[in-house]
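Assemble the complex: chain A is given as a structure, and chain B must be docked to it using the hints.
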Amino acid sequence: METITSGLPQLPDEFTPGQWQKIDIIIAAHREKPGALIPVLEQIQGVSGYLPEIIQRRVAKGLDLPLAQVYGVVTFYSFFTMKPRGRHEVRVCLGTACHVRGGHLLGKKLENTLGILPGEVDPDRLFSLDVVRCVGACGLAPVMVVDDTTFRQVKPATVDQIIAGYRNDKEAHHE
Amino acid sequence: MNERITGLETLREIKHKVLENHRKYRLRLMLCGGTGCRASGTHSFKAALAEEIAHRGLGDEILVTETGCNGFCAVGPVMLILPEDTFYLGLRPEDVPEIVEQHLIKGRRVERLLYEDPQTKQKIPCMHDIPFFSHQLTWTMKNKGYIDPEQIDEYIARDGYAAAAQALFDMTPDEIISEVKTSGLRGRGGAGFPTGLKWDFAKGARNDTKYVLCNADEGDPGAFMDRSILESDPHSVLEGMLIAAVAIGARQGFIYCRAEYPLAIERLTIAIQQAEQRGLLGKNIMDTGTDFTIEIYKGAGAFVCGEETALMRSIEGRRGMPRPRPPFPAVSGLWEKPSLLNNVETWSSVPRIIWGGGDLYAKIGTETSKGTKVFAVTGKINNIGLVEVPMGTPIGDIIFDIGGGIPGKKRFKAAQLGGPSGGCIPAEHLNLPTDYEAIAQAGAIMGSGGMIVMDEDTCMVDMARYFMEFCQDESCGKCTPCRIGTRRMLEILENICQGKGEPGDIERLETLANSIRDTALCGLGQTAPNPVFSTLRYFMDEYKAHIFDKKCPAGVCPDLFKAPCQNGCPVEMDIPAYIALIRAGRLDDAYQVLKQTNPFPSVCGRVCGHPCQDRCRRSQLDESLAIKDLKRFITDYTTPPRVAPIPVVHTEKIAVIGAGPAGLTAALEMKKRGYEVTVFEALSEAGGMLRWGIPAYRLPREILNREIQEILDTGVVLKTDIKIGEDLRFADLESQFDAVYVSTGAQKSMPLGLDGETAEGVMGAVEFLRAWNMGEPVAVGNQVAVIGGGNSAVDAARTAVRLGADSVTMIYRREQKDMPALDAEIRAAQEEGVAIECLADPVEIVTENGRVCALKLSRMRLGSFDASGRRRPVAVEGSEYVIPVDTLIPAIGQKAELESMSDKIGRDMKKTRIHVNKDFSTSHPRVWAGGDVVTGPAMVIDAIAAGQKAAASMDKTLRTARGESPWEQAPGLIEIPFEVDEEIVEQPRAKIGELAPAHRCKGFEEVELGYDRDTAMNEARRCIRCDVKIEQG
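Protein chains in written order, with our numbering: chain A, 44 to 218; chain B, 257 to 1289.
Errors might be hidden in some of the hints.
[What the hints assert, rightly or not] In silico negatives: residues of chain A with every beta carbon more than 10 Å from chain B:
no., residue
1, Thr59
2, Pro60
3, Ile70
4, Glu96
5, His131
6, Glu132
7, Val175
8, Tyr209
[As the list claims (entries may be wrong)] Pulled from the structure, derived: some chain B residues nowhere near chain A, Cβ distances all over 12 Å:
no., residue
9, Gly292
10, Glu308
11, Leu338
12, Lys398
13, Asp476
14, Arg575
15, Lys665
16, Lys806
17, Arg873
18, Leu877
19, His906
20, Glu1250
21, Asn1274
[Stated by the list, open to error] Result set (DSBU-like, lysine-lysine): computed pairs, CA atoms no more than 30 Å apart in a straight line:
no., chain 1, residue 1, chain 2, residue 2
22, A, Lys151, B, Lys1212
23, B, Lys1247, A, Lys198
24, B, Lys1212, B, Lys807
Don't read these hints as lab results, they were simulated from the structure. The beta-carbon is built from N, C-alpha and C at its ideal position, and this holds for glycine as well.
One chain only, chain A, in its complex shape (with noise of 0.2 Å):
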């Protein structure tokens, strides 16, 4: 648990001072706003990629709103997540087309292809893997969303495929 001792929190290891930097022109850009947080929360969280207690604090802070109405927000939202992603996002759409067309055995198939669970990430911060209710891409059911790469009628047997793409992609970048 964080605390505030003196004035601001401690940096933690995950962020870079050009983050916070950036998460800092950010608040102050919808300092007199009214109704500015929900940008601001979504502006910070793509650069931050999550959006944890620490950060939080720093935009409660920033906009004078108490820590409580952020968390609420953060809370209330399902676009925003206090939790780490995964380098790639995985989201399996279970909106009701895709449900009819088999959406559900896909989510079983990234599953197991994963190893975790929706709202997981796998140890290594590769994928993490998200149920998200309709993309609005219904004629392509069933569909599942890799970063903003939308893949169009996925049967569960082709998942292995799409999911080894991406992990090739992480060897090739490190090696």
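Just chain B now, with coordinates in the frame of chain A:
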């Protein structure tokens, strides 16, 4: 370019310039860049296309435009070529050279990339001839696919912003609102509140600051019309909002758009920028002194924010929780100022209403629901996409004419309208007009227009559970009925789906649903029980099957079955087990598994209607397994062990009337349980329809005889040539036996109901087949007509071919795809030269000297939907025609003859069916019944199942009377191996060998040859073993 727009004059100039520019190009290629097509590869195709066009030097004559969503999303990327209207789909970069060379240069269409009608297999080159488009009427979506949404001038060229100019220069606020009122437009977000009235309220609110809001938080799963409109025509939404701002006196607007729609946000951002540059938004619009600014606000993922008060809370930067109304937002909304909120589709309908006149819009639609409605048609349907139709269009027309019907040979079950807040519309309501009131009466809501089509493989209880989970998950938690009530309902539904349902669950669900509906704070909560209400209303049977029988008939709820094939089998044969045993080479064990649940495996391996195969999950990859053919392979390659007689241990005696599959199965099952069983058969041999109906080329008699003999070998006594009512009175049976099972079948063909049916040369299919199979002389003429499309009709037609008829024609009143006969049978008949005349129905039998000589037919067309969800054939007036016929075989159904039965057994009015209870008992305390005599003509496997269930019930009744506990079958001791291929490779189903048509037509030799060992092994390897549940760690 980029000059400031000051009124209609400048708008006209721009329009003129754009059109002039278009005319410079010989062809304009409108390539869809909507989310769906992008995911399918628009950009790689576009890059290749641009390169090839440049390379061939065609840049001056051909213009490529990336448009927004076209609506035909499942077959993308799609491209429309103007002005000629050619429509290409499923485009890949490698198609580019051919398109450029053949079409763009030589002017020849590339056939393989055109749309193919799934029924006729004809190519349809022009977009407006494709049924998906031709049945639509576009108003809101008139620009989709025709403009580049990132170019404001293209919108202006289609009369964009002309309505805004008119509103600004020539209309008073009251005139604007009056025009909207005249149009009859109602809010397209779901509730259907009259739009003009809402505007009037907002105008009447006295405040210096007012807001115009656009709800683009399209959260209903399955609805994506708002996304599509924003992507393809963003300016129409901006213009609609601007017009409202003028009418109510607002200077600030917000668009609340889901963050899940990045492309829509990007295009809106560009559109707002361009409109501001041109003086169409921002300060001093068109130099009139009017100010109106629009900001985009990204939603952060909360379904409840689609509710207006929650949406406003969210823009204020808070948790999106609804608040009670009044005050209504028109009085006190965003930041407590008067606020006017409509959704995307409503806004984009407005400009044309102002420009074209509200009365034009009001001419479309029904009395209470005016104009057009966009539906997102998804789920189990061929043409997935967005369709815009006049209000009032029957739901069935949308699903079958525009949507192209259900894929595979699956049956339509229901369509969910209105997402999680809506309800389902079952097959018997396909004629329902899409009108706010009519839909509400049927138990659903129009909602935002999501229409999710479900087929027979969808479990309605699971669907209700799914929606309840959704609502529970999305409940904001503010009010107790929604927060706690939906959780309680979900728990009950989950229990039911897991086989833990209890009596009283349905009543508990109803009580909870009623109180949540009456007491929840907002629309989300109040409508959350709707899917439960409507599934209870239309699909109570499925709830009962889950709760009382612990069965999921659709094969969806995983705790209630092992494998979908087994679940689909009426006798629940352990299909994965015997297929695994084939793979392991243990055929004798496989045969034992077959015999555990089915006394007729060799028969079923040949003539079963195989509902198992229709459920096979392998079909998600390529094709379902050939389960029927594998079953036959086992029986072909094993020698059945000798059957020993089973000793009689009980004193009660059992009589079975009718030695068809239902009767013989019941007899065997009672024998297994230790009873003395006597089977009475009216004809000379046992077998029923298997012997007297099914021709020998499908079922060789030695195969049938062997399986019947195995039953008799257990000690079942068969007495043939005994007709109840003639040779033995029913009353005698009652006095001599403790339990009687009636399985006399449905032996009589239904008449056509036309004069001349008694003429020579007219014979019902059942009578015809029976006469031939009994060895009686049967003469067919040269021109045979068979009326009907079921398996008996095909059997009669193929038999007539073998008896030497010159021509055999099957006459069917619907389309060939609707024929109830097995596809393989229809195909085989056609190979043997049987002609199929569809959409025709006999109206007169023409006779000469007491003999049929011709048949007068009427052409049929498919009209409105009947209760089974199929289109009802209707005679086309004046379309009669005559064909020469010398043998007429009606095969339109069969009925039973029950005159000789006791009156104590419940029968229908015409005494053609016996009514039974769920356990096959009748109103007579000692009589049970099953098979065709109860159901009418059905599959062999249904008769076998009926025999088994009736036997279990008879035995239970007798045991209960003796004070004993129920009988249990000894469990099989065969260990089932688990072996699967490491990698599953696509591989179609193995074909079964057949005799050549020319050869097989000459006699009654068996047509299908069966698998050899290697083929069967390979086919067995295709099983993906979905029965094996992997434990989750």
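inquiry  = Over 10 Å from every CB of chain B: does Ile70(A) meet that, or does the non-interface label fail?
reply    = Nearest chain B Cβ is 13 Å from Ile70(A), so the label holds.
**Asked** Would you say His131(A) is clear of chain B, with no C-beta pair closer than or equal to 10 Å?
**Response** holds (17 Å)
- Task: Over 10 Å to the closest beta carbon of chain B is the bar; see if Glu96(A) clears it.
- Result: holds (18 Å)
- Task: Determine whether the non-interface label on Tyr209(A) survives the test: each CB of chain B must be over 10 Å from its CB.
- Result: holds (17 Å)
Subject >> Non-interface claim for Thr59(A), where every Cβ of chain B lies beyond 10 Å >> reply: About 25 Å separates Thr59(A) from the closest Cβ of chain B, which puts it past 10 Å; holds.
Exercise for review: Report holds if the minimum CB distance from Val175(A) to chain B is greater than 10 Å, and violated otherwise.
Suggested key: violated (7 Å)
| message | For Lys1212(B) and Lys807(B), compute the direct alpha-carbon distance and say whether it is at most 30 Å. | response | Holds, because 21 Å separates the two Cα atoms, which is no more than 30 Å.
ask   = Holds or violated: is the Cβ of Asn1274(B) farther than 12 Å from all Cβ atoms of chain A?
value = holds (18 Å)
- Message: According to the definition I'm using, a residue is off the interface if its beta carbon is farther than 10 Å from all beta carbons of the partner; does Pro60(A) meet that for chain B?
- Response: holds (27 Å)
Item checked: Distance restraint between Lys1247(B) and Lys198(A), which requires alpha-carbon spacing of 30 Å or less -> holds (24 Å)
**Q.** Status of the stated non-contact between Lys398(B) and chain A (beta carbon gap over 12 Å)
**A.** holds (20 Å)
>> Checking a non-interface call: every C-beta of chain A should be farther than 12 Å from the C-beta of Lys806(B). Is that right?
In response: The claim holds: Lys806(B) sits with its nearest Cβ about 21 Å from chain A, beyond 12 Å.
The structure shown violates the earlier hints numbered 7, 9, 13, 14, 17, 18 and 22.
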